[in-house]
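Note that full-length UniProt numbering gives residue 354 to position 354 of the sequence shown, counting from 1, and the numbers run on in steps of one.
Quick caveat, the hints were computed from the structure, so don't treat them as lab data. If you're wondering where the values come from, they're calculated on a predicted model, not measured in any experiment. Honestly, I wouldn't trust all of these hints.
[As the list claims (entries may be wrong)] Pairwise CB distance ranges (calculated): (1) R740 with H841: 34 to 40 Å; (2) S290 with N39: 33 to 39 Å; (3) D553 with K515: 46 to 52 Å; (4) T667 with F833: 24 to 30 Å; (5) E472 with V660: 55 to 61 Å; (6) A344 with G21: 27 to 33 Å; (7) F656 with F833: 57 to 63 Å; (8) D613 with I545: 45 to 51 Å; (9) E639 with D613: 21 to 27 Å; (10) A836 with D553: 57 to 63 Å.
Glycine included, each C-beta is placed from N, C-alpha and C at the ideal position.
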Amino acid sequence: MRKKINLIKFIQIWGIIFIVGFGVSIIFIDIISFYRDLNSRTDQIRSDYIAQHKQIIKQEVMRVVDMIRYEKAQSESVTRAEIKSRVYEAFDIAHNIYLQNQENESKSKIQQMILDALRPIRFENGRGYYFAIRLDGRVVLFAHKPQMEGLNLLNIQDTRARYINKDMIKIAKQSHEGFYEYHWTKPGSPGNDFKKITFIKQFEPYDWFVGTGLYVGDVESQIKADLLSTISRIRFGKEGYVFVNKFNGDALVSNGQLFSGTKKLWKVFDDNPKKMKDIFKMEHSAALKSEGDYLYYSHIKLTNSGKESQKISFVYGIPGLQWIVGAGVYLDDLETNIGLMQTALNNHMKIKILYSILLITVILTVFSLFYNRLNKGLRNDFKLLNSFFNRVGHSDEKIDREHIKFTELDQMAEYADKMLTDRRQAEKTLGESEAKYRLLVENQTDMVVKVDTEGRFLFVSPSYCKVFDKKEEELLGQKFMHLVHEEDQESTAKAMETLLSPPHTAYMEQRALTKEGWRWLAWVDTAVLDDDGKITEIIGVGRDITKRKQMEDSLLRISQEWQTTFDATNSVIWILDKNQQVVRSNKTAEHFFKKSIDQMIGKQCWEIVHGTDLPIDECPLNKARESLRRETMDLQIGEGWFEIAVDPFLDSAGQFSGAVHIITDITERKRAEAEKTKLEAQYRQAQKMESVGRLAGGVAHDYNNALSVIMGYTEMAIDKIDPVEPLYADLNEVLKAARRATDITRQLLAFARKQVIAPKVVDLNETVEAMLKMLQRLIGEDITLAWLPGPELWPIKMDPSQIDQILANLCVNARDAITEVGKVTIETKMETFDTAYCADHQGFIPGEFVMLILSDNGCGMHEEIRNNIFEPFFTTKSKDKGTGLGLATVYGIVKQNSGFINVYSEPGIGTTFKLYFPRHEGDCITVQTKNTEEIPQGSGETIMLVEDDPAILKLAQQILSGLGYNVWPSNTPKGAVTWAENHTGKIHLLITDVILPEMNGLELANKLQSLHPDLKCIFMSGYTADAIAHHGVLDGDVTFIQKPFSKLNLAKIVRKVLNGRLNRA
């Protein structure tokens, strides 16, 4: 057994060690703190000293720099003031001479006296002199170069090509006096570009101006010399002075001495030139910095030129003068003061250590006296305690506490007596507890067993025996594992391995063979450990959990069914928590967002959908959080459309606690809606076009009748007026305006598909070729017209004049779209479209078509303009260049002929119109261009004229009568019939309006032809084609003329009908 330590000696030894150690530690800590504080104070003193003196030297340098800048800035002002003063002195001299002698002397004599007085005057160390020049440029006085006097120097120029004398004469004439700057040669100095300032003043008695000038550089040199002299005398502090060097190393002021650039800096201190060159390099580098800089180096003092000391300087560069200005302080005085302070503090520390040692000695003496007294008391108390512990195992005798001196040991004695009493009580309680425990185990429903490390039963509770229907003696000593289902034996053994490590407990679920068959049991095992931590026994508590397991299996099956449904839906479904983070996601979301479910869990929905850190403005989730009801929105992702629906969860307090977030693909629905919207827009457009057509048809009749009267009477008035009269030209303008109005009406009717046409079976190539020359003239020579006809085109049936209208309108538009030079291409082709093709191409119609293509390389159109080009009166041209009916007319003609039209255009590239006309089964006729004819005259034939509009009736009567026909007018059909019944002569021709109040024109014609079988008929109308078509006029071999008509058109159609050469027009 290890040797024990005597407590009393232990206290004595460790007390001495503690006292000595504590004292030494305090002394040691005090010494360390002292020297740390000393170093800190030294560093602070040194830092404060350097910072303070750095500020001082910088202030001194910047004060000198400011002085230099000020003096330099004053150099030009000083120059100006000096020369102006000198000129005023010369003027006063000249003026006084003039006043004193003008009465007595001649003009030439006075002039010479003035010149003689000014010529010898010099100033500014001989550099300044006077000159005088006449206003015509001739030199009167040139004191520096008399040989120049008498010369005319009006055209003399300085080095900058300025006319010096001309400029000064101009100043004298305009202001009488003033300054003038120029660049000139300088005596004694190489070069010719020295700036010189001159002041002149006009001397009016002789038309002179007197002046003088100085070189700015001369004044600056003097100022520099004065500055350097002043700087050399500046002192501050104990050893402070200002030094100045040039950028090239010339010493100007150094160590308080003035050198003025006569020596290089390293030659001033020739004992160590290399070191001075290194110092100058540092000075030069610092001077190049915009704010200057500090330098650290060693240098001799003013008071001791034989010793170098550490020095800190501040230098600043003045590029304009090429000067380096600096100042510095020496640091050796600081180190001397710091050394004296450290010596005094070291002596103080030695005294402090001596006092500490004396104090420790006194404390040790006191401790020895105290220890002897303590030793005697402790020995007595420990003796009593030892006696008690020797007999406590076999005796109930307590400690006699009256003889114990120390309180702490008295408490130990009290605790020892209490321990003796507690042991007696614990023995009694333990017996009672064992009885209660056995009673509890034997009567509880949970099963309790105790097994050894091999799994053999050491104890089984009555409840365990009841469950397995076995007696206790049958189980004790047997292993429990043979009662466990063989599929659960491995997991049970593995679970029990956890008993080997803290907290030495295990939980397991197993099937066991009970009296009711295989049942699920849950066990909680606890290991019992010996003093060495080894397992000696295992206590297990178990209960039947068969019903719970059955419920868990049911819940698992329901959960799996729900998850299958959750994953099977085509919509993305997320379950969100109250923080709007995904806590559950279906498989559809994985496929849709190309992310795993684990990557989505914990993310906010907007991070996944939009890739943003914040929700979008219309976020339905945020709306649902506020409204606490279902919110939806439609969102486009890529080319698809999706409905986002959010249904909030509410807690028991009615507050938002989460949500179901559903994303459903609605792309097909959106496409259907877009198609529906497009069809509705097309239907509205068709309705609008139909409304415009009805409007056009409604006004056409009255408008055409009015135009007929205007045009007819204007033509007749023109025939009666001499072309040389002004009124003739005015009437022609009226006629032109009426014809333009007629064209507008015709275009409007063409757009509305209500114009009267005469369709023929034609070859589109032949019709286009007949128009080419006219179209080239229409678009101009700068635009190339290319014609690319397709071979062997199918025939089409339409009015050839409508083809002319289409080509003319499209070519005019192409011309206006081309800037300067361009190209227009006309093509023809044949195309066949089947039903499948038309289903994929909006606006196309199945069948065989002849295609007319017109392309240009003009400015092209944006989509917004292209969508409106067929609107009537829509135009992008200025008011005087278009009516907006050109393309509307083209659209109407194509639709009237059962065709369709497509437009392709790109801004900056050009536009292509593709017109499709249905193929016609039949032979073509040749369309011939007719030459202009003279107005044919009548031969006295009898014409019956029927018109319900009095103005038209009167006009037509006058036209026909003027042409040589015998006209019988009537404003009613009945009146015409009555006259025809009573007329015995021949009626050659009936001209009748189609729509009349009593009977229509066709009925009237039939009735009159029954009376006069050889009667020929011409029908006229201002109504639209669909209006007169109901009256049969457009059917069969009838002749028709559209109002308004001209005199020529009416004369030609009447003559042709009477001659039997026309059946229908």
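- Which hints from the list above does the structure break, by number from lowest to highest? 3
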